[in-house]
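Student: Sequence:
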Amino acid sequence: MLKLFKYSLIASAVVLAGCKVEAELEATHSELFSETQHEKIGSLYVEVAGCKHYEDSRQESDSLVKLKEAIQKYLPSTEYVECFSKKMDSFAHFKIPYAVGGKTSDIFENIKVTAIPSDPEGTSNQAAVMVTKKFKKALKDIKKENMMSNLKTSLSIKYQNNSDDTIEMTPLSVWMDDTPIVIGNVDSPPKATAIFKLSEIHSEILTGDGEQQISIFLDGYTKKK
9 MLKLFKYSLI
19 ASAVVLAGCK
29 VEAELEATHS
39 ELFSETQHEK
49 IGSLYVEVAG
59 CKHYEDSRQE
69 SDSLVKLKEA
79 IQKYLPSTEY
89 VECFSKKMDS
99 FAHFKIPYAV
109 GGKTSDIFEN
119 IKVTAIPSDP
129 EGTSNQAAVM
139 VTKKFKKALK
149 DIKKENMMSN
159 LKTSLSIKYQ
169 NNSDDTIEMT
179 PLSVWMDDTP
189 IVIGNVDSPP
199 KATAIFKLSE
209 IHSEILTGDG
219 EQQISIFLDG
229 YTKKK
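Positions 9 to 233 (my numbering) are the ones given, in order, by the sequence shown.
Think of the hints as simulated: they come from the structure by calculation, not from any bench.
Don't take every hint at face value.
Using 25 Å as the maximum straight-line C-alpha spacing, the simulated SDA-like pairs for lysine to any residue come out as follows [what the hints assert, rightly or not]:
(1) Lys111 to Ile213
(2) Lys95 to Arg66
(3) Lys48 to Thr36
(4) Lys145 to Pro105
Ranges of calculated distance between the beta carbons of each label pair, as one might list FRET restraints [said to hold, decoys possible]:
(5) Lys160 to Thr187: 17 to 23 Å
(6) Lys141 to Lys103: 20 to 26 Å
(7) Pro197 to Gln67: 45 to 51 Å
Glycine is no exception: its CB is placed at the ideal position from the N, C-alpha and C atoms.
Model the full structure from these sequences, guided by the hints.
Tutor: Structure, rendered in structure tokens:
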């Protein structure tokens, strides 16, 4: 009975694990508003029940092995880095290709962060996140194959103002450096960095069937020394 109970707990952990999927990307201001698309490498973190095998800590856990196989199958361009524990959670870390800048019509893989006109006259622009349908389907297939109960997705972008000017921007329904902003005006000084994190609802762009594009902030190109 104890043995059966032990394996029941293990099975339950496998079913419940893998809920969190976090994508972390980076982009400079010049890359975002460039007419040329830049190919970059970001990080994808997927929660697992544990990194080590419950019988032998020198071996990878069954859930990690299965996740790595599924990631390689559905997202072959990714590369496994490591598995680590943070507080009470364990995560598998993968490198993932993504694109920054260029035209919205450019072909890209997985995720893209770029600038698009926010008005017909082109007097202002918005930085937006785009996700391919193939990437969305891959996450759903990984979820199904690994018996994940639910996916709680998260996407953050580390932005750097690499210009010599202060950039005036208007964040739209995002977290900026851990501060929630529905809409508001913010100045980004030269060389400053900020982390934009999509709201929980907007993060569903990674798996949802709805919009393929989510705006992060507006940039009216109002610059000052």
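Student: Quickly compare the C-alpha distance for lysine 48 and threonine 36 to 25 Å and report which way the hint goes.
Tutor: Roughly 12 Å between the alpha carbons, so the hint for lysine 48 and threonine 36 holds.
Student: I want to verify a distance hint. Is the separation of the beta carbons of lysine 141 and lysine 103 within 20 to 26 Å?
Tutor: holds (22 Å)
Student: Within a Cα-Cα threshold of 25 Å, do lysine 111 and isoleucine 213 meet the stated pairing?
Tutor: holds (20 Å)
Student: Just to be sure I understand the hint, the distance between the Cβ atoms of lysine 160 and threonine 187 should be within 17 to 23 Å; is that true here?
Tutor: Check passed, 21 Å falls within 17 to 23 Å.
Student: Range hint 45 to 51 Å: satisfied by the CB atoms of proline 197 and glutamine 67?
Tutor: holds (49 Å)
Student: Regarding the pair lysine 95 and arginine 66, is the alpha-carbon distance no greater than 25 Å?
Tutor: holds (21 Å)
Student: When you check the alpha-carbon spacing of lysine 145 and proline 105, does it fall within 25 Å?
Tutor: With a Cα-Cα distance of about 16 Å, the restraint between lysine 145 and proline 105 holds, given a limit of 25 Å.
Going down the numbered hints, you'll see the structure goes against none, and every one checks out.
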